[in-house]
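Undergrad: Using the sequences and the hints given, assemble the complete structure.
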Amino acid sequence: MIAILLRRLGLGAVTLFFVSLLVFGTTQALPGDAAQAILGKEATPARLAALRERLHLDEPVWQQYGKWLANMARGDLGRSLATEEPVSQLIAGRVGNSGFLVALSALIAIPLSLALGVISAARRDQAIDHALTTGALVLAALPEFVIGIALILVFATNLVHLLPAVTLLAEGVPIWRQIDQAILPAVTLDLAVIPYMSRIMRASMIEVLESDYVQMARLKGLSPRRVILRHALPNALVPFVQVTALQLAWLAGGVVVVEFVFRYPGIGAALVDGVANRDLPVVQALTLMVGGIYVLLNMVADMATILLTPRLRTALR
Amino acid sequence: MILAEEISPNPTADLWTLRLKQGIVFHNGKAMTADDAIFSIQRIIDPKNPKAGAAGLSDIDAAGFKKLDDRTFSIRLKQPFATFDVQLGEYANGIVPVDYDPQKPVGTGPFKFVSFTPGDRSVFAAHKQYWRSGQPYVDELVIVDFPDDTARINALLSGQIHAIDNVPFAQGRILEATPGVKALVANTGAWLPFTMRVDQAPFDDVRVRQAMRLLVDRKQMVEQALSGQGTIANDLYSPFDPAYAKGLPQRHQDLDRAKSLLKAAGHENLEVELVTSSVAAGVVEAAQVLVEQARGAGVKINLRKVDSGVFYGDNYLKWAFAQDFWFTRDYLPQVSACALPGSPYNETHWDDAEFQKLIAEARKTLDKERRAAILQDAQLLEYEKGGYIIWGFRNQIDAYSGKVAGFQPSRTGTPLGNYGFGAVHFV
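Keeping their order, the protein sequence lines are chains A and Z. First residue of the first sequence? That's 1 in the numbering used here, and the numbers climb one at a time after it. First residue of the second sequence? That's 1 in the numbering used here, and the numbers climb one at a time after it.
Hints in this document: simulated from the structure, not taken from any laboratory. Yeah, the Cβ is synthetic: ideal placement off N, Cα and C, and Gly gets one too. Treat the hints with care, since some could be wrong.
Computed footprint of chain Z on chain A, listed as stretches where at least three residues anywhere in the stretch have a Cβ under 8 Å from a Cβ of chain Z [stated by the list, open to error]:
1. 44-51
2. 71-85
3. 146-156
4. 161-171
5. 221-231
6. 266-275
In the EDC-like style, the derived pairs of lysine to aspartate or glutamate whose C-alpha atoms are separated by at most 16 Å in a straight line are [said to hold, decoys possible]:
7. LYS246(Z) <-> ASP377(Z)
8. LYS403(Z) <-> GLU176(Z)
9. LYS385(Z) <-> GLU176(Z)
10. LYS385(Z) <-> ASP205(Z)
11. LYS182(Z) <-> ASP165(Z)
12. LYS318(Z) <-> GLU42(A)
13. LYS51(Z) <-> GLU42(A)
14. LYS48(Z) <-> GLU53(A)
15. LYS112(Z) <-> ASP101(Z)
16. LYS66(Z) <-> ASP35(Z)
17. LYS112(Z) <-> ASP139(Z)
18. LYS104(Z) <-> GLU85(A)
19. LYS318(Z) <-> GLU273(Z)
20. LYS219(Z) <-> ASP307(Z)
21. LYS385(Z) <-> ASP351(Z)
22. LYS41(A) <-> ASP314(Z)
23. LYS128(Z) <-> ASP139(Z)
24. LYS48(Z) <-> ASP35(Z)
25. LYS246(Z) <-> GLU369(Z)
26. LYS104(Z) <-> GLU84(A)
27. LYS41(A) <-> GLU273(Z)
TA: Encoded structure:
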């Protein structure tokens with residue numbers, strides 16, 4: 001188990017290195033540089049030259065990449081080109097915010113979609129299953145910004161002023177003490193992921209419920225509740241775990257649309273800003289982080305799959 | 001130069017004497033003196049690190065500053081400049097103390113710097129020793145960054161913030177009708193021109209430029225590109241300058257004349273590429289309207305929309321046919337920014353000897369009447385031969401909550417009454 005873990009981690013690091021090369025290449029291919037992006041309309045030749053020199057943009061590109069890589073190896077993320085502040089300081093708060101939003105969404109989405117999937121499967125083709133399926137399909141068809149704006153209209157601006165329309169975090173107060181500011185964004189994300197997660201749960205549950213051993217358990221006279229919770233559920237979990245990991249990684253990558261609609265200060269909007277500003281150190285740090293989360297969550301999901309599947313579990317011994 | 005009590009030229013307009021107002025105190029408690037003003041101007045024109053205002057102040061002789069007493073100093077210019085005072089008053093030129101450190105901004109305005117979080121917010125506190133008595137009326141000013149227009153409007157509607165700038169043109173009327181929210185609409189001299197390079201085919205033929213200007217139905221363009229939030233223009237800038245050439249006949253769409261001009265120039269069925277980018281509200285919309293209007297005269301305009309990184313990239317100020325946006329300026333400062341061979345933003349590559357002679361003459365002329373007469377001759381040249389299509393002046397639309405008052409419309413084109421937060425108070 002530990003050997004597999006270490007191998008996966010090593011492969012993950014190699015993946016991330018290639019990601020950094022790819023990101024560097026793509027940002028170089030974008031027209032314009034950070035100095036032009038910062039000065040915009042005021043990009044006169046004299047001001048451009050002065051700014052390029054200050055930001056070391058006049059050096060050859062491979063030298064810039066080498067410098068960045070050497071600093072990265074020492075754990076130094078470098079300084080942002082746009083604000084000239086350390087990248088670590090710039091993104092620390094945003095990473096925390098995005099992490100909190102993902103955790104909050106996951107806390108709601110995982111139990112809810114599990115329950116909805118199981119109920120749908122157990123009451124297959126009955127009224128409640130049809131209602132849940134229709135609801136899930138409608139929600140899945142709506143883009144996140146429509147859901148977000150609808151929630152704002154209802155809860156923040158037009159009907160009632162129950163929750164804040166946008167996120168304006170008080171400084172120096174941890175975000176979990178201002179949880180009201182994160183509720184609408186989290187609910188929007190949940191409404192976007194729960195349809196997929198519950199549908200997967202329903203499908204895999206139905207498959208398991210039709211299997212011979214469940215039939216056997218039923219024939220032995222076990223209560224339906226016990227059949228579902230003790231015998232069917234553990235075996236139906238594997239696809240759900242995989243889909244959950246992918247959905248969570250997608251959320252952690254920063255759902256830019258949701259961050260825009262709610263002005264939520266997460267990493268998605270920071271990444272968009274970074275690209276618009278041609279701010280290479282910020283873009284690199286954030287893509288590596290998102291890449292790292294994908295690698296990690298996939299690994300966790302695979303480990304969970306191994307632990308949930310007796311055949312794989314015993315093969316490890 | 002609102003901090004000056006008096007600013008006056010010598011008879012040849014190349015030596016200017018400035019006396020600062022008394023009792024102006026910086027945010028750090030230090031009294032403002034002539035040393036600070038001299039330092040600030042030298043800092044702007046520093047050749048090693050020129051600031052935004054540098055190009056407009058290029059006439060200053062860097063060694064020509066002289067302190068006369070604590071509040072008075074003089075500036076020598078390399079050549080006469082009769083409206084140097086107006087140029088010095090451009091918005092990019094502020095006064096900072098001699099020990100200025102950009103990490104800890106200090107100025108003389110109604111609010112002093114407290115903190116700045118990039119991409120999030122800036123916090124300011126009232127400057128108790130501000131020179132306009134009684135102001136500012138509020139204790140704290142927080143400027144919040146938004147990545148999205150809808151989010152800003154929602155924040156205003158839900159009462160989380162008290163004012164927003166640059167409301168999208170189409171939403172001005174909607175917000176006006178919303179209870180609890182007020183719209184601040186200002187007529188301005190801010191313009192969103194099309195820029196034709198007068199030194200590049202096909203626009204190097206003056207008849208093509210004249211034809212292009214005749215393609216535009218200005219009223220329709222203001223209606224569609226600005227949702228009616230603007231006034232039509234006459235291919236001339238600086239409408240609030242006392243020397244503005246009001247007397248020139250308003251140019252209207254004339255497709256027949258445009259066609260015959262193009263035919264005479266050998267450019268029947270002209271096809272050109274227009275480079276556009278959403279660098280300011282209404283710019284891309286205006287380009288789309290122009291494409292439609294040009295069709296009427298058989299002119300095919302291919303729209304090439306690029307992101308602002310490309311627009312301001314290596315081809316910036318070199319596009320043959322593109323667009324731009326400008327705030328309100330008086331005529332001479334505008335000319336030195338965009339209409340002379342040495343101008344930093346001469347996007348039309350306008351290089352007309354007769355025009356330059358008139359401008360040089362006007363810059364030397366202290367007599368207002370005579371200067372206005374010369375400048376009107378210069379404007380006639382631009383009106384007949386220039387490379388700009390100036391179809392309108394946009395309104396500035398901002399919005400604020402009914403819980404605050406004190407915002408005044410400003411002609412500058414800068415939002416929220418030229419950011420006049422000092423006069424704002426709760427009601």
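Undergrad: Failing hints, ascending?
TA: 5, 9, 20, 24 and 27
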